[in-house]
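Enquirer: For the sequence shown, my numbering gives the first residue as 1, with consecutive numbering after it.
Be careful, since some hints might not be right.
[Said to hold, decoys possible] Here are the simulated distance ranges between beta carbons:
| # | residue 1 | residue 2 | range |
| --- | --- | --- | --- |
| 1 | Arg285 | Gly424 | 30 to 38 angstroms |
| 2 | Leu60 | Leu147 | 20 to 28 angstroms |
| 3 | Gly424 | Pro356 | 23 to 31 angstroms |
Quick caveat, the hints were computed from the structure, so don't treat them as lab data. For each residue, glycine too, the CB sits at the ideal point set by N, CA and C.
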Amino acid sequence: MYRASAQTDATTAARSAAVSCWAMAAPRGVTHATTRLARSRDGVITRLIYLLLFIAPQVLIYLYLRERLPDPERPNQARRVRTVLAGLFMLFNLPWLYVGQRLLFGGSLWGVGRIPFTGPWIAWQLMGWIYCALITLYLVGKGLWWLGEKLRGVWYVVRAGAHGISQPQREQPRTPHHASVSRRRFLARATYAYAAAGTALSANGIWSAYRLPQVTRRTLVLPDLPPGLDGLQLLHLSDLHAGIHLDEDKMQAIVAQANALRPDLIVQTGDMIDISQSYIPPYVRAFRDLSAPLGVVTVLGNHDRYTGEREVIRGCLDAGQVFVQNGCHLVERNGATLALLGIDDPHNWQVDDPQPTDIDAALRAAPPAGEAFRVLLAHRPGAWDGAVPRGIPLTLAGHIHGGQFYLPWIGWSTGRLITKYVMGHFQRERSQLYVSRGIGVVGVPIRVFTPPEIELFELRRKVGPSD
Numbered sequence: 001m002y003r004a005s006a007q008t009d010a011t012t013a014a015r016s017a018a019v020s021c022w023a024m025a026a027p028r029g030v031t032h033a034t035t036r037l038a039r040s041r042d043g044v045i046t047r048l049i050y051l052l053l054f055i056a057p058q059v060l061i062y063l064y065l066r067e068r069l070p071d072p073e074r075p076n077q078a079r080r081v082r083t084v085l086a087g088l089f090m091l092f093n094l095p096w097l098y099v100g101q102r103l104l105f106g107g108s109l110w111g112v113g114r115i116p117f118t119g120p121w122i123a124w125q126l127m128g129w130i131y132c133a134l135i136t137l138y139l140v141g142k143g144l145w146w147l148g149e150k151l152r153g154v155w156y157v158v159r160a161g162a163h164g165i166s167q168p169q170r171e172q173p174r175t176p177h178h179a180s181v182s183r184r185r186f187l188a189r190a191t192y193a194y195a196a197a198g199t200a201l202s203a204n205g206i207w208s209a210y211r212l213p214q215v216t217r218r219t220l221v222l223p224d225l226p227p228g229l230d231g232l233q234l235l236h237l238s239d240l241h242a243g244i245h246l247d248e249d250k251m252q253a254i255v256a257q258a259n260a261l262r263p264d265l266i267v268q269t270g271d272m273i274d275i276s277q278s279y280i281p282p283y284v285r286a287f288r289d290l291s292a293p294l295g296v297v298t299v300l301g302n303h304d305r306y307t308g309e310r311e312v313i314r315g316c317l318d319a320g321q322v323f324v325q326n327g328c329h330l331v332e333r334n335g336a337t338l339a340l341l342g343i344d345d346p347h348n349w350q351v352d353d354p355q356p357t358d359i360d361a362a363l364r365a366a367p368p369a370g371e372a373f374r375v376l377l378a379h380r381p382g383a384w385d386g387a388v389p390r391g392i393p394l395t396l397a398g399h400i401h402g403g404q405f406y407l408p409w410i411g412w413s414t415g416r417l418i419t420k421y422v423m424g425h426f427q428r429e430r431s432q433l434y435v436s437r438g439i440g441v442v443g444v445p446i447r448v449f450t451p452p453e454i455e456l457f458e459l460r461r462k463v464g465p466s467d
């Protein structure tokens, strides 16, 4: 366990005093043993349902591929394909023996992270869902094609009757044998194409998840920026998720990458650690070398809470960072003051929570707007909805990871399911928001068309020849 200082303990305890978890009393006549047994049974049933929900697609995909993948015109090759297919499905689903035991007989699923090659295995499960989606699109398309053929047939019949075309003059259909063989050949080859597409997407997503983050360089034009802050280089890091998918060596590489950019100031918008406190010491050792002339300022994310709020804060302090909780940190540069307003991740699952109470607490700790330029650091991007009416010109956030799955052709991300601010730059009135795609991953170690990023912002009052 990562030990926190007495001062940090006291601060966190004071902030959490209003949170209570009261045990629900058992109904009259029902013993605690009976209640525990019922809850245990319900828990097993729930876990079994989840297990079946994940395994069922694998079984269905296997059965589908077993029938569709082999070429019906080459029986010997078809037998070999089916044998290899069965072996692959057995090999790639062996970890389910461990997961099933943990699910049905107790234990934390976070232990799944200790399975060797857990990343490719989880990505294999995701590939199954991607493949199911592709098959669904194919079946929908096939249904529409069938409907179109039926409508075209009806139209031909109507036209033939209207023009008096005799039966022999009508187009004769292909033989049933020819149609059957052509259809099966098409399905087999289409399945190869779909399988290749699913594999390519998953492979690219795995590679993207484990690569070093891209550097996004962007100039933010802020009309009210004081002259002393003009040209400030601000580096934004978010959602590191130090853990099973991001070890100390990679953290050191990220720190070296960040330092090489030579920013004036570095900010972190939460989720430094992923669940286990055992990852805090490696984080401290790696991020102790992260430096900037104006310092490193950090706020709390939801996964930091899951890990242990006190321990994560203590780790960040040990790494030499300034930690801000619903308060303000002031930075001086060339006679101008930058007020970094830092708010905690909210204790809820509300979609796009504007966090007005947290923002107001941070503003009370800050100088008046005319004396300092304000930047809000928030883990969740929904806080921008609270920042805009309060006249905060810039908000930096993360949390969404770009959804980790993005379809650029239609501009849709899975992040749309939980927020309207998935990734990138947003502007409303005189206020701007940037939502980072983050560095690490949550759950499935895959990023499909949402590569990790760190952002280097140049703050400018204006853009012109004199700059």
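Enquirer: For each hint, tell me whether it holds in the structure or not.
Expert: Results for each hint:
1. Arg285 with Gly424: 30 to 38 angstroms: holds (32 angstroms)
2. Leu60 with Leu147: 20 to 28 angstroms: Cβ of Leu60 to Cβ of Leu147: about 25 angstroms, so the range 20 to 28 angstroms holds.
3. Gly424 with Pro356: 23 to 31 angstroms: holds (24 angstroms)
Hint violations for this structure: none, all hints satisfied.
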